[in-house]
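As you go down the protein sequences, you meet chains W and L in turn. Residue 1 is where the first sequence starts when you use our numbering, and the numbers rise one by one after that. Residue 1001 is where the second sequence starts when you use our numbering, and the numbers rise one by one after that.
Worth double-checking, as some hints may not be accurate.
If you want the ones that stay clear, here's a sample from chain L, every Cβ over 10 Å from chain W, calculated [unchecked claim]:
| no. | residue |
| --- | --- |
| 1 | Asp1042 |
| 2 | His1054 |
| 3 | Ile1071 |
| 4 | Ser1122 |
| 5 | Arg1127 |
Calculated pairs, DSS-like style, for lysine-lysine (alpha carbon to alpha carbon, straight line, at most 25 Å) [as the list claims (entries may be wrong)]:
| no. | chain 1 | residue 1 | chain 2 | residue 2 |
| --- | --- | --- | --- | --- |
| 6 | L | Lys1102 | W | Lys7 |
| 7 | W | Lys21 | L | Lys1019 |
| 8 | L | Lys1163 | W | Lys222 |
| 9 | W | Lys154 | W | Lys141 |
| 10 | L | Lys1014 | L | Lys1110 |
Since the hints were made in silico from the structure, they are not lab data. Backbone N, C-alpha and C fix where the C-beta goes; we use that ideal spot for every residue, glycine too.
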Amino acid sequence: MSDELLKPDELFAKIDHRPPKTDWMSTPVQIRKGMYCYASNYKSVEYLGLPNARPWNPLDDDWKLPENWQEIIHQGFKERLEKFRSFKIFMDICVRCGACADKCHFFIGTGDPKNMPVIRAELLRSVYRNDFTRMGKILGKIGGARPMGLDVLKEWWYYMFQCTECRRCSVFCPYGIDTAEITIMGRELLNLIGLNIDWIATPVANCYRTGNHLGIQPHAFKGMLDFFVEDVEDLSGINVEPVYNKKGADILFITPSGDVFADPGTYTCMGYLILFHYLKEKYGLDITWSTYASEGGNFGFFTSHETMKRLNAKMYMEAKRLGVKWILGGECGHMWRVINQYMDTVNGPADFLEEPVSPITGTKFENAKSTKMVHIAEFTADLIKHDKLDLDPGRNDNLKVTYHDSCNPARGMGLLEEPRYIIKKVCNNFYEMPANTIREQTFCCGGGAGLNAGEDMELRMAGGLPRANAVKYVHDKYGVNVLSCICAVDRAVFPALMEYWVPEVEVYGMHELVANALILPGEKRTTDLRGEPLPGMEDKADE
Amino acid sequence: MATMIFETLIAKKKAAIIKKWFGEVVDSYPADTSKFLKKQKDPFSNPVGQTTLHGLEAIYDELFKGMDREIIISFLDPIIRIRAIQNFTPSQATGFTFALKKIIDDQLKKEILSKQYTAQFSQLRTRIDELGLIAFDIYMSCREKVLQLKANEARNQTYSAFKRAGLIVEPGDSRAGE
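Only chain L is shown next, with the shape it has when bound in the complex (with noise of 0.2 Å):
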């Protein structure tokens, strides 16, 4: 029965916690970028603003559902991507999974301080925890592939120029052995 009520209560706070949520991420820009962020509906206009907005959404709800990681990575992903080749620390970038502790604990101070629902709110905090260590595995992953991106480009370059100057003949290459 808690469970239930816990559920109610949680959707019911969901609008004003998302609120202070993408609050929290998008003012991690600087104010002109920040207002423009939250501002701006139109998701091709906005796609910083509106992937962070809708991601955080999914991802709030997962939080109380299942908290599936395959769920979660593909709302998480999107946002830590662009976070990721963006100008943040690694903490910057992934920092915002832990701000929902708080704000969490500001919104549903009374009903935290009212003990009734003691388990449901350390199971979120663990659950908060574990969404912050799939934000780093993503972070890494991310930078991960824009470092093999810029690697692969330097490799092909110098690949293609020794292809032209004729000092490469693959296994199989119709030209092998002229």
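So here's chain W without its partners, still in its complex pose (with noise of 0.2 Å):
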């Protein structure tokens, strides 16, 4: 909703609901509320020593910038510019056809046509042209080009930050522009005057000092997952037992610590101490927890590469000083974007860990020959393919499943079938979102890159309302009541997308589905995960 409560005589006045006619460059921000997240907290700020840690707010008119902050700026983004060649390029081949505007979901969502991917790009661009293109020099407005100023500064910050880096847009380009490298090269010239979000700050420090976003510090991290064990022992007999820290292990497990805190995450998180029991009992699986290492997400990416860079390098450290042999990844997003595309110029090669095999069927991870990380999708699809899982998909037989590709697994990293086959080998119903929906042409669930924060809530209800939209429509067309997914942050967004928009229907990570249908040898199971009566055991479930 809009602030702007207008007293009678001016309701009369402006009877007219038409916007301004003004061109996307003449019309002024309008920093909304519900659009935007807190400003960072200076103390996560220092902490990282980062650039002008100070108390800010938004929406005063002035942000305590450092008196040459257009300086800084421009040398930033000169600096940029030489040293990644990409970014120079997205800044001088787009011809603005067009093909990527209607095609993010922030657009579609808030109507707001600066959230077309190509003028949130030329937001950055009108700057670049007026400062380092003659042509931007001499034409100025005409060629598209503006010099830098309060305004435009406050543009920036406010777009950057209604962007989830989802590269959906890129999909559609006919050059190959990817608007996210722009959106995380916008970010990054704005931290270089402390102009970070909080729900992206506090976490980078917190993940930095104590190891994971949530500042839960080892000896509490493993108590989380003790509650875990106990309730998987209440409702099954069992004892799984996790390992932590330990020393030699085969395998190293990292997993975004959002699911050892947040329902309905921690229902994955549950899913991968049956899954990995199983293994430990049935084939001698030797997998270690990290309770330092305890965070597989990777907020330093929507801050700047060297911070990314920094908190990334924590989990190699870790599986360096545990001797492992490789690591195996849980359900998360844009951790996948990170190892996949970033992880081996910014750190690796990671040479003292081995070329990933699985101990169990004896295959080779060739697409983490390099990282040395496999995800737990491909990991659990081959067991299955191998027949190495007792599964009883039956037990999921109360839910109707749909999957949501999460956008940095499906476009960063092409991981698209291994979720579908272990649903489908999981679950008896299972029912796909309209083709321009899912895969490479996923929606956003509209809270990644940082944005998932409470305050912000009318951007990620707009964000993700393409999505909805879909889940919607395979709700009312199949009486779908699952949306499933691999992603931490899809897991602690969606709850309150469906609630708002899909109200029927509830959210499950992948691992949690596997978990249902795993058949643990000895186990007393009359519930899933939940607290459920599994199907059938209605009557069993009550005793």
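With the hints as a guide, bring the two chains together.
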């Protein structure tokens, strides 16, 4: 909702509800509550040693910027144009064909033209033309150039944090411009003068200090997992006994900390524990959790390349310290983009680890040959393919499932088939959403790239509209009641999104579905991980 | 007999009236957006435009039928649900309902002046007023839902933090009494 409540006479005077006809460059930015996240806590910025740590408020006129902020931005822009060839190309080659314009979930949901990827990029390009191109200097506004000023800066900040870096737009760009990379650069530049949001800055500081975004200390991290162990024992009679910080284990398991503390991700986490216990008992799987590398996610990625590198390094340092052979990674989104796209050049190659081979099936994970980190969807799909899991998909028969391709695994690493293969093996009722909303064309959850705060709920609801709209379609048509996913941010974002748009649909992580179907030797199970009766066990579950 | 003819009349004018009404709604967005909302026909690529268009068509039909509140809500809710989270004031989000009056006045000027259907037009105006009030109810419930979602997330985070710190033990928790 807009904040602008009018008095009766003003209301009559403005009875025409049409917006101004000015073009985007001449329409000043209006920072609206519900659409932005709170400014970064200065203590977090300070802890990371990033510039211009101070309290500030986006709604204030004075953002407490350094006196020479324009020079800092200009220099930062120049350095990045020289350092990142892709950035320079993306600034130069766009012909403004508009192919990307209507592909962004934020544009579709908010109806704000500045959320068209082409215009979001133009926010930076206009300054680029003015500062770095001769034509821009000569032609000025006619040539799409404009000087940097406070109004432009505020516009940058507002719209760089209305992009989830999901890259759907880049799928449609005939030149292959990755607009997410432009947002990444935009945010990097903003961070040079201390303009981050707190939903990113504080998790980054926590991760840097404690090892995970939530600042859960090692003993508390173990305590949280122990709770799940008790819960699993309550519902199955089996003690799953996870192993922590084991030196010389074969595999180190790392997953986003979101799954350790927030429903429904907690059930996915219980799913991992159950799967690993099964594999340990049956095949002697030697896997360890770490209470230090207790975060797979990397909000540093939403801050700057350097910050991403610092956080990513922690996982590999821990793998080195423990002396494991390789790393298995849980269900996460951007963690996989960092691993798949950036890790090798920022911290790799991880020569001290072995090329990953499944100790159970002998499968070589070629995709992880260099990064040494295997996606759990690949790992589990391989187990099922080799018939290593005792599964009863009928135990998920109360669920009618659809699958959301999380943006980063789908577009950032091409992980499209494995999750579907697994879900179809553990669930009998699976329904795809329409083709132009899944796989490479998947619509973002609306809360990625650090935007899953509470204060920007309107932005999340608008950004998630195209996804929710497709879920509503399969709900209405097939009675779908489960939206499954393989990303911790999805699991945090979707419950609220569903509650607003399709309240009958619940959110499940994939390994929760796997664990529901997995038959543990000696188990006494009458309920699923949520304590709901398994199909056909309704009477026994009540006992 | 007159009713029959009136129904035929409004059915005949439906396409023109809906076009104007839909135009009125989508023109509340900036020009570039409005163009897209009108042009893209795929409901998954353009949920705002297509939800609005289909909703308006169904509401139009219902206005001249039984004005069943449930049916009206089922089509009006998706439109208002979208506008309630976009950059609109409450009046901007719901005002398109009343715009139908002027559109009908313009499109059926001759028929209104003929005074042949006075009772029908009078009833229609009352129904459009009702429609506006239903829109306002939906708008408020959407806004309350958004605020509730915000409050729930804030509460859950605090609760989780307390629980993580071992400060909360619920009745019936197997860890109670430790």
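Now the hints, each set against the structure:
A beta-carbon of chain W is positioned within 10 Å of the beta-carbon of L:Asp1042; the least distance is around 7 Å. The claim that L:His1054 is not at the interface with chain W holds, since no C-beta of that chain comes within 10 Å of its own (minimum 12 Å). The Cβ of L:Ile1071 lies farther than 10 Å from every Cβ of chain W, with a closest approach of about 16 Å, so its non-interface assignment holds. Residue-level check passed: L:Ser1122 sits 23 Å from the nearest beta carbon of chain W, beyond 10 Å.
Interface exclusion of L:Arg1127 from chain W stands, the closest Cβ pair being 22 Å apart, more than 10 Å. In summary, the hint linking L:Lys1102 to W:Lys7 is supported, as the alpha carbons are separated by about 23 Å, within the 25 Å threshold. With a C-alpha separation of about 21 Å, the suggested pair W:Lys21 and L:Lys1019 falls inside the 25 Å cut-off, and the hint holds. Between L:Lys1163 and W:Lys222 the alpha-carbon distance is near 14 Å, which keeps this suggested pair within the 25 Å criterion.
Our distance criterion of 25 Å between C-alpha atoms is met by W:Lys154 and W:Lys141, whose separation comes to about 19 Å. For the suggested pair L:Lys1014 and L:Lys1110, the alpha carbons sit about 16 Å apart, so the restraint of at most 25 Å is met.
In summary, the one numbered hint that this structure violates is 1.
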